[in-house]
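Visitor: Kindly generate the complete structure, drawing on both the sequences and the hints.
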Amino acid sequence: MSTVTSKISVRGLRKSFGANEVLKGLDVEIAEGEVVCVIGPSGSGKSTFLRCLNKLDDITSGTVIVDGFDLTDKTVNLNEVRQHIGMVFQHFNLFPHMTVLQNIMLAPVELKRGSKADARATALKLLERVGLADKADARPAQLSGGQKQRVAIARSLAVNPDIMLFDEATSALDPEMVGEVLQVIRDLAAEGMTMVVVTHEMGFAREVADRVIFMADGLVVEEGTPAELFGNPQHVRTQDFLSKVL
Amino acid sequence: MRKIHHSRAGKFALAATALVALAGGFVGVGAAAASTVSADTTGETYVIGTDTTFAPFEYREDGELTGIDMDLVRDIAASQGFSVEIKSLGFDAALQALQSNQVDGVIAGMSITDERQLIFDFSDPYFDSGVQMAVAEDNAEITGYDDLAGETVVAKRGSEGETFANSISAEYGFTVKALADSATMYDDVKAGNSVAVFDDYPVLAYGINQNNGLKSVTEKEQGSSYGFAVNKGQNPELLAAFNTGLAELKAGGEYQDILDKYLDAPAASSDTSFFGLLADSMPALMKGLGLTLLATGLSILIALVLGVLFGFFTVSESRILRGISTIYVSIFRGTPLLVQAFFFYFGLPQLTGQSIDVLTAGVLTLSLNAGAYMTEIVRGGIQSVDAGQTEAGRSLGLGYVTTMRRVVLPQAVKIMTPSFINQFVMTLKDTSLLAVIGFAELTYQGQQIYASNFRTGETLLIVAALYFIVINLLTMLSNKLDKRFNK
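Top line first, the protein sequences correspond to chains A and B.
Residue numbering for the first sequence follows the working numbering, beginning at 1 and increasing consecutively.
Residue numbering for the second sequence follows the working numbering, beginning at 1 and increasing consecutively.
Hints in this document: simulated from the structure, not taken from any laboratory.
As the structure is a computational prediction, the values presented were derived from the model and not from experiment.
Some hints here could point you the wrong way.
[As the list claims (entries may be wrong)] Straight-line Cα separation of at most 27 angstroms, DSSO-like style, residue types lysine-lysine; simulated pairs:
{"hint": "1", "chain 1": "B", "residue 1": "K250", "chain 2": "A", "residue 2": "K135"}
{"hint": "2", "chain 1": "B", "residue 1": "K87", "chain 2": "B", "residue 2": "K215"}
{"hint": "3", "chain 1": "A", "residue 1": "K112", "chain 2": "A", "residue 2": "K55"}
{"hint": "4", "chain 1": "A", "residue 1": "K112", "chain 2": "A", "residue 2": "K74"}
{"hint": "5", "chain 1": "A", "residue 1": "K7", "chain 2": "A", "residue 2": "K74"}
{"hint": "6", "chain 1": "A", "residue 1": "K135", "chain 2": "B", "residue 2": "K414"}
[Said to hold, decoys possible] Some, not all, of what chain A presents toward chain B, calculated at C-beta under 7 angstroms:
{"hint": "7", "residue": "N54"}
{"hint": "8", "residue": "D58"}
{"hint": "9", "residue": "N93"}
All C-beta atoms, glycine included, are put in the ideal place defined by N, C-alpha and C.
Guide: Structure below.
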């Protein structure tokens, strides 16, 4: 894969929290339209890696280039860059004091993307797309976990990003609700969205991912197509991990 | 401020007067020195400090200050053509205020002593006083100083009574305890905490005539004289005008009329029932309550602004801003409110030379103090909003300010509201501490009332009930608003 066409280019990424080094030098290239699933044991640095991609966590050293913007360059307008990168969190992080519709409309309205009426029309369309058109006026507290996460996805899509980051988006859900959220992500993949998905759903990773990255102890241990990584893991750490989760 | 201008103007005026007199002498016209001194004070307004209650020299009747000192100073002012603004501060506080030029003069039944003459200039004596001892009405054991051995007596802090009691305490073997005002001392004796009180005889006589529950068993001691005082070297024209006016009142007989009015026939209380007291005290208490609410309202508004400002400092990424906020909070949480009030009212004017009125000092104290607690409330509120909320906002491309305004603050305010209401109530109650700097709020008005009628328990019950009612009404209202807007 050529680095010139990379949508996301990560070089020598290191991240420390105080004396604790969580990422120990990552090199990852992700092409436009590619769906990359990141798996690994907890504490391996998967989520931190994801949070460095939109700089929710500060980057200690190395470079992260997204859509041609160098995130370590202090002159880059992060707010501008982040509008191209949607993020979905494990605990949804919906705004509890707003209705579902207000949650989705907040960013387009505050960022002055057209009129309020436009934002409302877009929000309703997005709700329909995630199957929650009837919940527009509900409060987050009135929704199930699966519904909340679908609203969160719709909220991220409202600023029309071309990259989506999913941080263990189904980990906090009851098992019967995992399917409805995965279906929305699956649809996005089919539409050609560039996505980085940190997940524990191995079946989903095998089915949807173009490429799977296995991380352990702050390093990329092994990567490859789902068939390669799940079918014929090369590294002992990968084999050990897969034997426990599959 | 006014004080300094006056004294300067006064000195220039005196010099000018002297020149005019000289010139007049040369041309053979002649000038009347007495009238030129009075002319200096004509049309001026002087701030006069006095005790809170030292009946019959100063006390409140229907909320208005009255008494021998008050009548004297007002009559003299009228006859000499100047105005007075009376500040009822308490004895100690009035002297401190005079030293820090917060007031222009003090008339407070103050004895002229050598120590005081070092720091103040006194008028001619206007009253010859003396110290007398009193015991509880039902006390048959104490009939003279000899019976005081091993006992405790009370005297007013810094007064002649204290000096006298101390001068004989070794000889008769008793202990002297100092308290701040007459009413408290009388209550102390009636409660049996001490066996006798040493107080100025006119005050004692007035109290006994008002049925304060005491009796005198010894003769009055030959004592000192009372004088009106100005700060050393300041306001000479005011002192001169006082002396002129006093001489005129004595010559005209008005002086004796004033003394007779208060010493011969003390005004008997009109209605001695509880409801009579309630009705009599209500106008003054309502005035006090108004000032309590005014100070609370102003302070809480300023505190809110300070709290939001410094609260944002504490959660900011700037080390300097966080440092400023930490220092502010630790100073005002780490020192007593009472010390802060004294500092702003007495200390600051001495340091800056700029006097400050009691409402400003009070509001400054309360708002800075409450602001420190508000800062902590705001910090706590913002920090209690889940970090995921900020991350969600920022990940959508919203800036820090927008995220704060639309996402974090609406949730934080809801969390903070009960603490805000609590602080509001705390501040309202804290206004009562401002009584010590002479701010005429509710507690102060209550003190004034029982200091002249000696009905301490009942008056304090009424004051407490007023606080209770107002605080609970305001709390109910706040909770209702909270429910309405923060559902």
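Visitor: For each hint, tell me whether it holds in the structure or not.
Guide: Now for the hints, and whether the structure bears them out:
| no. | hint | result |
| --- | --- | --- |
| 1 | B:K250 with A:K135 | 91 angstroms, violated |
| 2 | B:K87 with B:K215 | 31 angstroms, violated |
| 3 | A:K112 with A:K55 | 23 angstroms, holds |
| 4 | A:K112 with A:K74 | 24 angstroms, holds |
| 5 | A:K7 with A:K74 | 20 angstroms, holds |
| 6 | A:K135 with B:K414 | 25 angstroms, holds |
| 7 | N54 | 6 angstroms, holds |
| 8 | D58 | 11 angstroms, violated |
| 9 | N93 | 4 angstroms, holds |
When held up to the earlier numbered hints, the structure conflicts with 1, 2, 8 and fits the remainder.
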